[in-house]
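2 protein chains.
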Amino acid sequence: MINIKYFFKFAADILLFHGIFMKLTNTSEYALRILTYMAKDPGQLYTAKSLIEKLKISDKYLRRLMTTLSKEGFIYSIQGRDGGYSFKKQPNEIFLADVVNAVEGMDTYAGCVLGFEECSCENPCVMHSTWVKVREEFMSVFTGKTLSDLDFELAKRY
Amino acid sequence: MINIKYFFKFAADILLFHGIFMKLTNTSEYALRILTYMAKDPGQLYTAKSLIEKLKISDKYLRRLMTTLSKEGFIYSIQGRDGGYSFKKQPNEIFLADVVNAVEGMDTYAGCVLGFEECSCENPCVMHSTWVKVREEFMSVFTGKTLSDLDFELAKRY
DNA sequence: TATATATACTACATATATGTGGCAAATACT
DNA sequence: AGTATTTGCCACATATATGTAGTATATATA
Ligand code: SF4
Ligand code: SF4
Numbered sequence: 205m206i207n208i209k210y211f212f213k214f215a216a217d218i219l220l221f222h223g224i225f226m227k228l229t230n231t232s233e234y235a236l237r238i239l240t241y242m243a244k245d246p247g248q249l250y251t252a253k254s255l256i257e258k259l260k261i262s263d264k265y266l267r268r269l270m271t272t273l274s275k276e277g278f279i280y281s282i283q284g285r286d287g288g289y290s291f292k293k294q295p296n297e298i299f300l301a302d303v304v305n306a307v308e309g310m311d312t313y314a315g316c317v318l319g320f321e322e323c324s325c326e327n328p329c330v331m332h333s334t335w336v337k338v339r340e341e342f343m344s345v346f347t348g349k350t351l352s353d354l355d356f357e358l359a360k361r362y
Numbered sequence: 205m206i207n208i209k210y211f212f213k214f215a216a217d218i219l220l221f222h223g224i225f226m227k228l229t230n231t232s233e234y235a236l237r238i239l240t241y242m243a244k245d246p247g248q249l250y251t252a253k254s255l256i257e258k259l260k261i262s263d264k265y266l267r268r269l270m271t272t273l274s275k276e277g278f279i280y281s282i283q284g285r286d287g288g289y290s291f292k293k294q295p296n297e298i299f300l301a302d303v304v305n306a307v308e309g310m311d312t313y314a315g316c317v318l319g320f321e322e323c324s325c326e327n328p329c330v331m332h333s334t335w336v337k338v339r340e341e342f343m344s345v346f347t348g349k350t351l352s353d354l355d356f357e358l359a360k361r362y
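In order, the protein sequences belong to chains S and R. FYI, in this note's numbering the residues of the first sequence are 205 to 362. FYI, in this note's numbering the residues of the second sequence are 205 to 362.
Worth flagging that the hints you see were computed from the coordinates, not collected in a lab. Some clues are possibly wrong.
[Claimed, not checked] Calculated cross-link-like contacts (lysine-lysine; reagent style DSSO-like; alpha-carbon spacing at most 30 Å):
id: 1; chain 1: S; residue 1: K349; chain 2: R; residue 2: K293
id: 2; chain 1: S; residue 1: K275; chain 2: R; residue 2: K227
id: 3; chain 1: S; residue 1: K337; chain 2: R; residue 2: K258
id: 4; chain 1: R; residue 1: K244; chain 2: R; residue 2: K275
id: 5; chain 1: S; residue 1: K227; chain 2: R; residue 2: K253
[Unchecked claim] Residues on chain S that point at chain R, a partial pick, calculated with CB under 8 Å:
id: 6; residue: E233
id: 7; residue: T240
id: 8; residue: K258
id: 9; residue: R285
id: 10; residue: G319
id: 11; residue: T334
id: 12; residue: V338
id: 13; residue: E341
id: 14; residue: K349
id: 15; residue: D355
id: 16; residue: L358
id: 17; residue: A359
Each residue gets a CB set at the ideal place from its N, CA and C atoms; glycine is no exception.
When you get a sec, could you build the whole thing from the sequences and use the hints?
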């Protein structure tokens, strides 16, 4: 017999943790979605217009972001008629960490889960021992995976 | 022989991922720091003043947050002289997820890492297969650990 | 050179999170 | 009752992220 009250509590937790914390800023999301989408067919030249239509990202915001990604050296931008964007760095040389680092001010994120600036195993907060494993899993994905390591066969959306 | 350029790149990644993404909002941080600090000695009555001094959190912001935590049923608030806050729910009944859920609008977080609203294994994004494991580790900590499950012996800071 | 089609840039507009000031209300003590 | 101490509330101030408008610049083609 299922206790309805706790079922809903549990369901709410699942919904909550499906997203909470694990969600990047819009800007990082956009950057990753754009670059992973481009990485599916890395040789192509992509116009802002085509990316906007495909990825449903706000026009001017995407364009600004593309300029950032260009200045950061991930892509070329070709101005004028028949212009667009294509990879400068190879997708297998672009780590997920690099992308996020490029579009967000790294200095914004000085601390860990509980916001302390100077953290170490020698000066731990109360969550440290429970948190370390998650943090390392997380780090290994974002520092270890490149744009070309992702599962393009599986993906049904960008 | 160490390649200096890559050493610095690596160091930057470590710094980056020490914080990035894994950092909660200030509000959630505060809530967790306050409640974990109180959970170290759960029977005590804590004044806002003492919490502000100990945890270095902005006066009015902390007070507002305490009212929220009170309304959400985690703590009692006792007004007037000799007033303060103490636990209403037992710390071992308060999951980390509950705290974050209470102080942040859950509706803000509708999606997962790439921001999609309707996600499932049947409709995955390009990161899904690499991301699922991290997400589950993460979920198990926040839905599985209560305030009293944390390592109070180890902790040197709140 | 004129035109169509691109990206680049700057400034402003809006939304949200975070922080602050001032005063009201509650309670214990004298 | 009066005072000191404490929480509660509301409105505004500030910082940051996000989104929008308008214009300038670059390039291929006719
Ligand atoms: S979990 Fe560890 S690294 Fe993160 S804030 Fe706490 S002490 Fe610092
Ligand atoms: S990783 Fe999976 S659950 Fe997360 S956004 Fe991608 S498809 Fe959705």
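Checked hints:
Under the criterion of a C-alpha separation no larger than 30 Å, the hint pairing K349 (chain S) with K293 (chain R) is inconsistent with the structure, at around 42 Å. Between K275 (chain S) and K227 (chain R) the CA atoms are separated by roughly 27 Å; this keeps the pair inside 30 Å, and the hint holds. Distance check on the hinted pair: K337 (chain S) and K258 (chain R) sit about 28 Å apart at the alpha-carbon level, within 30 Å; holds. With a C-alpha separation of about 22 Å, the suggested pairing of K244 (chain R) with K275 (chain R) holds against the 30 Å cut-off.
For the proposed pair K227 (chain S) and K253 (chain R), the alpha carbon gap of about 34 Å is over 30 Å, so the pair is violated. A hinted interface residue such as E233 (chain S) counts as satisfied when its beta carbon comes closer than 8 Å to some beta carbon of chain R; here the least separation is about 4 Å, so the hint holds. At about 5 Å, the closest approach between the beta carbon of T240 (chain S) and any beta carbon in chain R falls short of 8 Å, and the interface hint on this residue holds. About 13 Å separates the beta-carbon of K258 (chain S) from the nearest beta-carbon of chain R, more than 8 Å, and the hint is not met.
Interface hint status for R285 (chain S): violated, as the beta-carbon distance to the closest one in chain R is roughly 31 Å, over 8 Å. The criterion of a C-beta within 8 Å of any C-beta in chain R is met by G319 (chain S), whose closest approach is roughly 4 Å, and the hint holds. The closest approach between the C-beta of T334 (chain S) and any C-beta of chain R is roughly 6 Å, which is under the 8 Å cut-off, so the hint is satisfied. Checking V338 (chain S) against chain R: minimum C-beta separation of about 5 Å stays under 8 Å; hint holds.
Look at E341 (chain S): its Cβ gets to within about 5 Å of chain R, closer than 8 Å, so that hint holds up. Restraint check, K349 (chain S) versus chain R: the minimum CB separation of about 6 Å is within 8 Å; hint holds. For D355 (chain S), the shortest C-beta to C-beta distance to chain R is roughly 5 Å, which falls under 8 Å, so the interface hint holds. At its closest, the beta carbon of L358 (chain S) sits 6 Å from a beta carbon of chain R; the interface hint therefore holds under the 8 Å criterion.
Satisfaction of the interface hint for A359 (chain S) is found here, the shortest Cβ-Cβ separation to chain R being roughly 4 Å, below the 8 Å cut-off.
Consistency with the previously given hints fails for numbers 1, 5, 8, 9, ordered from lowest to highest.
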